[in-house]
Structure formats: C-alpha cells, structure tokens
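Enquirer: So you can see what is in the structure, the chains are spelled out below.
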Amino acid sequence: MNDVLVNISYFGMSFLDPYLMFLTAAGVFFGIYVGAIPGLSVTMAVSILISFTFKWGVNEALALIAGIYYGGVYGGSRSAILINVPGAPAAIASALDGYPLSKLGEAGQAIGLTTLMGVFGGFIGVLCLAIGAPLLSNLALLFAPRDYMMLAIWGLLLVGSLSGGMMAKGVFAGALGILFGMVGLDPMTAESRFTFGSVQLTAGAPYVAAMIGLFGVSEVLVQLHELSFPIVKQNVSKLMPSWSLIKKHLPLASRCSVLGVVVGALPGAGGDIAALMAYDHAKRTVKNPSRPFGEGAWEGIVAPESAAVGSVGGCYIPMLTLGIPGDAVTAVIIGALYIHGMKPGPMMLIETPHLFWFTVGNLALSCIWLAIFGFMGIKLFAKIVEIPKSALLPMIVVLSAVGSYAIENNPVHIYWMLGFGVAGYFLKTYGYQVGPVILGIILGPLLDSNYRRAMISAGDDPLQFVSEFFTSPVSVVLVLLLTLTVMSQTRYWAKFMGLFRRAGAKT
Amino acid sequence: MSNEEMRKPRQPGELGFCLAMLLFSLTALYLSYRISGFSSWSSAGSVPLGATLVMSVSALMIVFKELSKPAPELRSGKTLARSFYEVVFPARHIIFVLVLIAYMFLLEPLGFIASSFFYLVAASLVLGERRYAHMIIANVISLAVVYLVFQTAFSVVLPEGFVERMFR
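One line per chain: the protein sequences are A and B, in this order.
Residue numbering for the first sequence follows my numbering, starting at 5 and increasing by one per position.
Residue numbering for the second sequence follows my numbering, starting at 6 and increasing by one per position.
The hints are simulated quantities; they were obtained by calculation from the structure and are not laboratory data.
Keep in mind the model is a prediction, meaning the values are calculated, not measured.
Watch out, some of these pointers could steer you wrong.
As the list claims (entries may be wrong) - Going by beta-carbon spacing under 10 Å, a handful of chain B positions derived as facing chain A: (1) Pro53; (2) Met60; (3) Val62; (4) His98; (5) Val102; (6) Glu113; (7) Ala127; (8) Ala128; (9) Glu134; (10) Ala143; (11) Ser147; (12) Ser160.
What the hints assert, rightly or not - Pairwise CB distance ranges (calculated): (13) A:Ile460 <-> B:Leu153: 52 to 58 Å; (14) A:Ser13 <-> B:Ile141: 47 to 53 Å; (15) A:Val470 <-> B:Thr157: 53 to 59 Å; (16) B:Thr157 <-> A:Ser248: 45 to 51 Å; (17) B:Leu153 <-> A:Ser13: 34 to 40 Å; (18) A:Val470 <-> B:Val162: 50 to 56 Å; (19) B:Leu28 <-> A:Met491: 29 to 35 Å; (20) A:Phe200 <-> B:Pro14: 37 to 43 Å; (21) B:Ala138 <-> A:Lys251: 50 to 56 Å.
Unchecked claim - Derived DMTMM-like pairs: lysine to aspartate or glutamate, alpha-carbon spacing no greater than 20 Å straight-line: (22) A:Lys107 <-> A:Glu299; (23) A:Lys347 <-> A:Glu64; (24) B:Lys13 <-> B:Glu78; (25) A:Lys59 <-> A:Glu412; (26) A:Lys432 <-> B:Glu91; (27) A:Lys432 <-> B:Glu71.
Every residue gets a Cβ at the ideal spot worked out from N, C-alpha and C, and that includes glycine.
All chains should be modelled from the sequences, with the hints used to inform the complete structure.
Expert: This is the structure:
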C-alpha cells in the first residue's frame, strides 16, 4: 500500500513542480511546431536537443524530451490537414482525408477532432504503459541473454523491413549501425576494435554527433532539392467539433489507439507504421464512412491520429523495460538516458521505480498540454509554417553544429557531424534508410554482450548454443517471431499465403 | 521487389555508391577478422565479424539487384558524371557544404556569434534569399535568441570571439 502511495507521488511530481511543468509545456509547444514544419522531424529535434541537456538533471531532460515527442508526433497532422504536406512521417495517413476536409472548408473542425482523438489515444497509450510495463518487466526478468540477442535482431529486422524500400538495404543499414556501435574498447576483454590507434575512438564512435548528422544535416541536404511548397490560406474559425461527432468516433479511436500501442511496443515500429495500419483498419472495418475514404471522411483522420499519438506510450514500453528502442526517436532517447546515467531494462522498475513513475506521470502531463496547445495558436502556426526554407535550413545547421560542439566543447564532433550528414544524404538519396543505422548503434553493444554471454554459457559450443534456443518458452516464441519476420520478406511467403487463402476459400 | 520497382531505372551514381558500400563492407570484414581471428565463438571479434558479413552479403545482393535495373536515363549528350552533378549533388549542394566547412573552421577563431552570423548570411544567399535587409534583421534576431537560450537555459559553453567580448 505504501509503495502505491510512493509511486503516486512520483507520478504527480511533474504536476506539482512548476519548473518541470513549464519544461513539459515548452516541450509540447516546441514539438508541435517542429512536427508541423515539413522537413523538421521529431528525431531531428530530439537528437539536436539531447546534447544541450547533458548538464541538466535527469527529470528535467526527461520532461522536455517527452513533451517534444508527443508534440512532434501530433504536430505533423496539422500541416497534413492545412497544406497537404505531412509535417512528420506519422502524419502521412492523416493527409489522405485531412486535406480533402480542408478543401471542403472544415479544416478547423478537422484540427479540433484530430487533437481530441490524439489526446484520447495518448492517454490510452500512457495507461497501457502504466499497466503493461510492470508486467513485461516481470516477464523480462525471465529473459536469458539469448532472448535479448533475438529481440535486438528482431528490432533491426523489423525497422529494416517496415521502413519501406528494399529489404537488403534495410538490413545493410542495420548492420552498418551495429558496426559503428562496436567501435571502441570491448567492454569484456578490453581489446580495441576499429580504433585505428586513436585514443579518442577508444571511448566509442561519437554517436550523438552521428545522430545529429544523420537526422539533422542529411535532412537539410535532402531539403535543398525542394525549397518551396504551396501555401493555401484556410478558414479555421470553428475548432471545437460537435459532441455527436466525437461520440460517434470514440469506438474507432479506442480500437486504433490500442492498435497504435501494440505497434509502438514492437521493437522497430513506431508512429508512422501505426498510423498507416490504423488507416487501413478503418478502411476495412468502417462500413458507412461519413464520406468515401480519400474524399474527406472523418474516420480517415480519427484512425491514424489516435494510433500515432497512442503509439508513443507503446514505444516507451520496450524502451524502459527491455532497453530496446521501438523506433529511431526512442533509439535517440535511449542514447539520452545512457548519458544521464540511467540503465533502461528490466531492472529499471526495481532499482529506480521513481524514474519510471515520473516518466508515466510526465507523459500524462504532456497529453494534457497537447489538449491545451492543440486548440491554440492556429494563426501563429500559419505564420511559422510559412518561414522560408532559405532561413530555416541554415538555422538548423547552426543548431546542429552547436549541438555537436556542446557534447565535449570540441570542434572534432562537428567534423563527425558533417561526415555523417553527407554520408546520410547519399544513403537516403539511394534508398537506404538512416533509422536502422541509429537503431544499430544503440542495439549493437546490447547484441554483442548478450550474444557472447549466451555463447560462453553454452561452453563456446555452437551446437549447444543453438539447442538452448529451444529450452525455454520465451526463447521458442522469439525464435518463431524471428522466423516469421524473415519468412514474410521472401517471395515464398506470398505463395504460401496464396495457397492458404485458396484452401480457405474451398472449405 | 515489385515489377514496377524493377523497371525503375537506377539513379545516376547509384551503382557506384552501392559498389563503394560493398568495398567498404569487405574492408570492414577484413578488419573485423583482424580483431581476434577465428579464435573462439565468443571472442571480441565475433559480433563485428557477423555484422560485417551481413553487410557484405547484403551489399552484394544490392549490387546484383541494381545491375538488374535499367541504366540511368541520360538526356542526350550528357555524361553520367554530368547527370550525377545535375540530379544528385548540384552546385547548390556543393556550395552549401563548402560554406558549412568554412563555418566549422571559423567557429573557434571568430567565436559563435560572428561565425554563425556570416554563415547564416552566406547560406541564405546560396539558397536564393535576395531580401537583404529582411535577411540580416531576421538573422540577428534569431541568433540573439539562440545565444541567450543556450547560454542561460542550457548553460552550453559556446566558443567566444570578439563580439562576445564586446558585451562583457
């Protein structure tokens, strides 16, 4: 009983401390605009910001980052609705029906409805995190090193295959990330790996500079190709949707929020995939949409928005309980947690429950701020989205450079940033994803230490090592999941599913 | 890969880049082998060896897939290098990166405010901004905001130059 009270007090911390409250609000506010401006991503904002929060306390940094994450995932839908340019990948699905609604003159209500449904999804996500994480954390105590190894591989495979494009390119990018994660002294034997005699590299690849380069500078270079996009003025006087409209879509929003949480909780899948899946779900299950899908159906904005914002809570589950990032943003956040001396993993809820409950409370607070800012500042918003890219892009570079410099007050990190930025630009141009690279950098050391522990406990015998995968139910389930993921990427899978359907049709 | 993707021609320089990635992977594979050879299944070099092996195999698969696509469409009389320059890395990109390199080297000698100001003006010009007064005022205001926020809220130590010393 006492424990519950203590946990509730941690939960309420950011509600009672005015400074933390302010930081969360600032994060959400800033996140909405970063998310809404096409070309600025949440991953970019969080990666640039973490180097600035090095000197802060953990709570302050967590509050700001949670706010930005929520604001950013939500903010993308605004520009999707108003100018048909999704501000963030999670808003691609929202543009399909959001922009047609705008053309019908219902942009205001559309923004109002996405805000309410997003906040609703957000709260469901936080609730699932509060219930699910302690359960998963207990289960995770049963995980052996080999299970962590499989989770890491599964996460990389999922992010490589789901992020679109050629599977081989996704796998390549993930393995490249693992390689970067291996640079430095081996923590088990203190042998140096890929250090080329440099003392600086023994501490590892400068992964914050890598993140800023891959998500900041490379994105700026991509944006240089397209400097202008059309702006359409909108009438946004009426924001609050009618109660009947809200009531009608709550069941769909509930289903899609849960879908968002589940997808978010998968290692390697985040808000963008959740939103697209929810849109697809709505299309298949809603028999009589308000208008046909793609022509301004309310269902078409309710589903992706509740799923996208709901996925944030889901993404935090594997991140906090297993130390495995759900997507690129959470990979960056895990990087920030390491820097602040936290160890996300099953022991986190046992050793530092206050940080867990603080995070849950803080995410709930972010949802409240989202509801407030979602209905405010639409006019200001229109001005900010109109900032010309000729002013915006150089500013991002300045922030990236200062962020890299601030890591150690050392200009060398800016060189790294530029190197990773230019490399990231070519990777993106030729269809390689940069998300798996960052995931690989974070998951590489985890994969390395767990694989070797598992191998050592199997007496360095590969046959024994393989047979141990079939000794516990957890391992068997993970082996099945991994096999299914790999199988689903091959051409045999489509044939197999075809056979299956035909057999189903016959019976 | 769908049939439609197969028919899409390669981008200029794509094959070269994929080949470079293959070469990089093979070099990394060799370096991984050098860490501890095949001494044991749980040696320091085992995961790097595995990762670079995966990289090499997937890079090889990518090269074969790229080869099966049609060659990049070149407009009449243009070489591959020319269309790479036009489509993938045009003059605007080159100058933008050069200005950024200059900024990196000037950051410490000139200090944050002066170097960032010059950088912002130069980069905006590269990106086609021609409203000079507007640009200078906007850059001064945004730099002042950035500087104050970082110095006060984030307590980041920024490189100091003559402008910073004037205000002290």
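Enquirer: Of the hints stated earlier, which fail here?
Expert: Checked against the structure, no hint fails, so every one of them is satisfied.
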